[in-house]
Amino acid sequence: MVKRQFDYEQKIKDLKGKLEELNDLSKNMQFDLSNEIEILEQKIQEDRETRYQNLEPWEKVLLSRNPERPGAVDYIAALCDDWVELHGDRCFSEDAAIIAGIGSFEGQPLTILGYRKGKNTKENLLFNFGMPNPEGYRKIERLLRQAEKFNRPVLTFIDTPGAYPGIGAEERGQAWSISKVLMTMASLKVPVLAVVTGEGGSGGALTLAVSDRLLMLSNAVFSVATPEACASILWKDLERVEEMAMAMKITAQDLFGLDIVDEIIAEPVGGAHLNYEATIAEVKTAIKKHLSDIIARDRDELLAERYRKLRNIGRFNE
Amino acid sequence: MVKRQFDYEQKIKDLKGKLEELNDLSKNMQFDLSNEIEILEQKIQEDRETRYQNLEPWEKVLLSRNPERPGAVDYIAALCDDWVELHGDRCFSEDAAIIAGIGSFEGQPLTILGYRKGKNTKENLLFNFGMPNPEGYRKIERLLRQAEKFNRPVLTFIDTPGAYPGIGAEERGQAWSISKVLMTMASLKVPVLAVVTGEGGSGGALTLAVSDRLLMLSNAVFSVATPEACASILWKDLERVEEMAMAMKITAQDLFGLDIVDEIIAEPVGGAHLNYEATIAEVKTAIKKHLSDIIARDRDELLAERYRKLRNIGRFNE
Amino acid sequence: MIKNTFIRKKYFPITPNIDQLQTQIRANLSTTTCPGCSSRVSDDTLAENLRVCPKCKHHFSISAGQRIELIADSGSFKEFNTGLSSINILDFPGYEEKLEKANEKSSLQEAIITGYASIGGHSIILAVMDSRFMMASMGSVVGEKVCRAVEHAIETRCPIVICTSSGGARMQEGMISLMQMAKTSAAINKLNEAGLLYISILTHPTTGGVSASFASLADIIIAEPGALVGFAGPRVIKQTIGQQLPEKFQHSEFLLEHGMIDIILERSQIRDKLTCLLNLHKGGNNG
Amino acid sequence: MIKNTFIRKKYFPITPNIDQLQTQIRANLSTTTCPGCSSRVSDDTLAENLRVCPKCKHHFSISAGQRIELIADSGSFKEFNTGLSSINILDFPGYEEKLEKANEKSSLQEAIITGYASIGGHSIILAVMDSRFMMASMGSVVGEKVCRAVEHAIETRCPIVICTSSGGARMQEGMISLMQMAKTSAAINKLNEAGLLYISILTHPTTGGVSASFASLADIIIAEPGALVGFAGPRVIKQTIGQQLPEKFQHSEFLLEHGMIDIILERSQIRDKLTCLLNLHKGGNNG
Ligand SMILES: [Zn+2]
Ligand SMILES: [Zn+2]
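Protein chains in written order, with this note's numbering: chain A, 9 to 326; chain B, 9 to 326; chain C, 304 to 590; chain D, 304 to 590.
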């Protein structure tokens with residue numbers, strides 16, 4: 009049976025509960041087990057840390073999809089002094105699956121773009137589970153051009169299952185809207201910093217990942233298609249998703265090894281959702297470092313390097 | 009009663025018919041009236057020419073709307089050696105009210121854009137009576153940018169009652185799509201030549217008229233809104249359209265006098281629809297002259313002049 | 304704080320008769336029926352409430368002078384190009400009389416006021432249309448003043464804010480008025496080339512030639528709640544398609560949903576949001 | 304004339320076994336059932352008819368070699384970058400075997416062939432995908448060969464024509480394959496900066512990563528009749544929305560109606576129309 013949720017934390021909780029019961033009992037019975045219990049507690053803590061150091065890729069997929077993880081909205085709220093959300097593609101519709109606007113990060117105005125997932129059913133319906141329609145990509149396109157006009161660096165947050173596979177989306181040119189953003193991002197004349205905060209799924213997620221620096225949270229994943237889709241298409245066997253998640257090399261660590269990711273941002277033990285404050289502090293440090301780096305760079309050089317980096321992705325015999 | 013169609017030609021026809029009957033009769037009766045009849049014929053011809061020299065503005069409105077007049081499609085067919093029609097706004101829909109493509113005029117590749125009216129009911133429905141939706145303007149926008157990429161001059165043909173006033177058109181940003189074309193045309197980095205071939209109606213027609221040179225056929229009109237709309241809004245009296253057509257200064261001759269039109273292209277007596285060949289020959293000569301003029305001009309100077317010309321339109325006290 | 308500025312009976316140089324006018328209006332009509340909720344609102348309440356219905360938030364029209372007091376820093380507005388007035392280019396019957404009446408009614412020379420101002424301490428160029436003047440239709444003067452305001456913005460490298468409201472083109476100026484659409488759109492392009500911020504604030508109603516030129520070309524488009532904005536007027540559309548229009552059709556909420564505008568702001572929020580936006584664009588395009 | 308070229312049994316250097324393969328196929332299967340009209344068509348008829356059903360105009364897939372013969376001037380094609388082949392970057396289970404099988408099946412090294420060619424006497428760069436090779440999914444080699452073809456176009460200042468067909472990204476190369484979307488889109492931007500013409504010809508099927516990168520970024524987009532083109536596959540969409548898809552959904556006729564492509568051309572018309580388009584762009588961007 010394929011694991012459908014990552015319930016390790018529940019097990020730890022159960023274990024700690026038992027330990028507390030033991031502690032209470034021993035106290036009532038006048039035993040002094042405090043030393044032994046402390047050692048046990050420490051052992052559990054160590055095991056937990058080791059466990060999180062050694063998550064299986066599929067476990068990371070499950071963690072990365074946890075709806076309680078901080079998303080673009082949370083990072084923007086925590087990192088920006090000023091923030092104005094902007095709306096619309098000027099063409100067909102506003103797309104709530106994309107959050108977009110101008111924020112001030114430590115005094116630096118930024119165009120900030122991100123996917124917006126819901127934290128509950130109501131929000132999920134409102135934000136279409138973080139899956140944009142073409143209008144979302146066209147809103148991105150519009151605001152990228154605006155960032156260029158005002159010479160304003162761009163910061164993106166990525167967390168989406170991908171572009172919405174719907175009839176309307178295809179009617180209104182999903183493929184066309186995505187390719188245009190890819191091209192624009194590749195050549196945008198301002199610095200671009202991207203952070204994968206959760207799930208990066210397929211071409212619909214790639215749009216906001218084309219950047220000068222790509223950062224990833226330590227439990228985030230990025231894949232060409234979901235392990236479920238790949239297992240079903242390539243192996244005709246949905247039960248083998250865990251194996252597929254492993255084979256596809258989708259974790260931050262794998263992608264760092266493949267030179268696609270520039271830095272991994274460490275999440276607190278247990279995952280980003282258990283400690284917003286610590287997560288945001290780490291993300292802030294990383295953004296600050298890379299942003300000041302790329303802003304300071306000679307612009308032509310930065311653009312040439314962005315292109316070179318993209319141009320060199322891929323390996324083959326010749 | 010307001011004249012709803014211009015039926016002078018029918019009267020001429022009737023007259024000529026009578027003259028022929030007279031001729032036949034006189035011959036049968038062995039009268040020789042040939043001299044007198046010739047004089048009469050000449051008189052009719054002279055009167056007809058005078059009549060067309062002195063059309064009322066409202067009569068020109070009626071003439072300009074004649075569905076049998078040559079339109080963009082006819083001019084393209086007659087003037088271009090090669091022609092490829094291109095389609096779509098890459099966003100929502102193809103709009104058949106706009107014909108757009110690349111044509112070769114005497115060896116010079118041109119991006120050609122025009123409104124497309126129908127010549128019968130079926131065509132009218134297909135082409136929405138020449139009234140574009142936002143998609144039409146976005147197709148124009150796309151192909152203008154393409155013309156710029158390939159440094160290809162732009163030629164436009166104008167004949168439309170205006171932009172389509174529909175629910176979908178407003179939903180998808182009719183105003184937004186028009187203003188963008190106006191801005192693009194004003195600053196497009198290639199020569200732009202515009203020809204008003206029939207009816208130029210309001211902002212929806214203006215998009216393709218922003219140009220380095222604006223030519224107008226001698227019976228064409230261009231107005232801020234139809235005389236019907238103006239009479240109904242300003243005077244609350246639809247019966248006064250003839251007076252309104254006069255007051256609004258909408259004829260090619262009026263607009264030449266106001267420095268808005270650069271040249272008037274003479275139509276054959278009776279109007280363009282009675283003689284495609286002669287009309288097209290005149291249009292061709294005019295296009296050739298102005299196109300070679302603006303292509304030869306220094307590009308920066310041409311653009312500066314296009315802006316200056318627009319910037320200076322308007323009169324006021326100060 | 305904004306409220307106080309708004310009802311403060313300060314002498315307002317560019318519209319010298321405005322206070323007198325307001326007093327007159329208040330004397331004549333002490334209550335108004337709200338078109339939003341049909342309740343009767345006293346004019347004093349309306350004035351205190353920035354002419355927004357306290358019950359249903361219906362935004363009543365305000366004059367250009369009131370708009371300027373509402374969003375610009377107190378006393379910061381310095382009008383320029385005050386001397387422009389319309390002439391009857393086409394000898395259009397009755398145009399002079401219309402202009403005269405509009406002038407009497409509004410105490411304005413034309414349908415737009417332009418000048419230097421500051422918002423939250425940021426120097427800007429401010430242009431405000433006033434629908435009391437011939438429905439703020441755009442003729443030569445409106446087009447010219449918009450262009451000159453843009454040119455002032457480029458010269459001083461300041462952002463520009465334009466508050467629109469307009470019934471469309473000034474039909475009495477025929478093609479000359481239509482061409483103002485192209486003229487103002489061309490000017491906005493110069494603003495883009497200069498990398499300067501342009502914010503438009505769409506108020507009820509903004510239609511026709513103004514909606515399809517400079518109003519919709521702003522970097523950031525703000526609208527007041529319930530403002531009707533569109534190219535074709537609802538009456539024309541209804542007549543053409545021969546059916547009823549959807550509720551809220553062409554209202555700002557409808558436009559936001561359809562991706563045409565960035566933000567809907569109640570009148571009382573506009574100044575703060577503008578200040579925030581100007582803060583965020585402080586560096587101009589110097590990155 | 305095109306027809307003759309097409310069935311001419313000419314030695315075709317880049318796909319050395321193609322004639323042999325065709326002969327084999329003809330020997331094994333002398334008729335094919337048309338998916339368009341269910342009629343049985345003899346393979347000889349199909350070959351003579353450019354693999355288009357004579358009854359319903361259904362366009363059967365053709366190999367890259369056949370495509371090149373179809374549109375390029377006879378003998379003009381000179382392949383470049385022939386030596387590139389895929390490696391198993393991620394040690395993905397079974398990838399080598401898949402590659403081997405694809406190679407055997409298609410006699411191709413990879414899913415795309417690129418080279419110099421001329422059409423109607425105009426020098427161009429030509430790239431053609433071949434769906435017999437792993438559904439022409441895009442991995443490192445496809446991405447690299449597209450980029451190099453673009454670079455050849457820029458160096459030689461020639462237009463580029465790319466004939467696409469693809470099931471999407473090469474999943475076995477994971478993120479590396481996904482990144483080819485960004486890589487090829489970035490390359491197309493260089494083409495735009497150089498002011499060079501890019502025509503894409505979409506053939507059945509063009510979906511996923513190829514549709515959402517270089518295929519949809521062409522200046523002029525041509526499609527064959529009935530070709531399925533879209534981002535998400537119809538099966539995925541049906542599964543997501545839980546309802547039937549409209550007839551002709553994602554077909555080229557549907558795309559034309561929705562403004563996504565410029566022209567639909569039957570196979571036999573493509574060469575002439577390309578010649579015409581190349582004529583019209585002869586001056587390049589020298590105006
Ligand atoms: Zn109310
Ligand atoms: Zn068939």
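It is possible that some hints are incorrect.
[To be verified] Quick list of in silico lysine-lysine cross-link-like pairs, PhoX-like style, CA-CA up to 25 Å:
id	chain 1	residue 1	chain 2	residue 2
1	B	Lys-197	D	Lys-585
2	D	Lys-360	B	Lys-157
3	A	Lys-130	A	Lys-21
[Claimed, not checked] To give an idea of the interface, some chain A residues facing chain C are shown, with a C-beta separation under 8 Å as derived from the structure:
id	residue
4	Arg-56
5	Tyr-60
6	Ser-101
7	Ala-104
8	Glu-143
Just so you know, the hints here were simulated from the structure itself, not pulled from any lab data. Backbone N, C-alpha and C define an ideal beta-carbon position, used for all residues, glycine too.
Hint validity - A/Tyr-60 Cβ closer than 8 Å to any chain C Cβ | violated, 39 Å
Identify whether the interface hint at A/Arg-56 stands, where standing means a beta carbon of chain C within less than 8 Å of its own.
-> Cβ of A/Arg-56 sits 43 Å from chain C, so the hint is violated.
Given the proposed pairing of D/Lys-360 with B/Lys-157, does the C-alpha separation stay at or below 25 Å?
-> Given pair D/Lys-360, B/Lys-157 is violated - Cα atoms ~36 Å apart, limit 25 Å.
Please verify that hint: A/Ala-104, Cβ, nearest Cβ of chain C, below 8 Å or not.
-> violated, 10 Å
Residue hint A/Glu-143, partner chain C, criterion CB-CB below 8 Å | With Cβ-Cβ at 6 Å, under 8 Å, it holds.
Hint status (Cβ of A/Ser-101 to nearest Cβ of chain C, threshold 8 Å) | holds, 5 Å
Given hint D/Lys-585 paired with B/Lys-197 - CA-CA distance at most 25 Å = holds, 19 Å
A/Lys-130 paired with A/Lys-21 [C-alpha distance capped at 25 Å] | Violated, because 29 Å separates the two Cα atoms, which is more than 25 Å.
Consistency note: the structure conflicts with the earlier hints numbered 2, 3, 4, 5 and 7.
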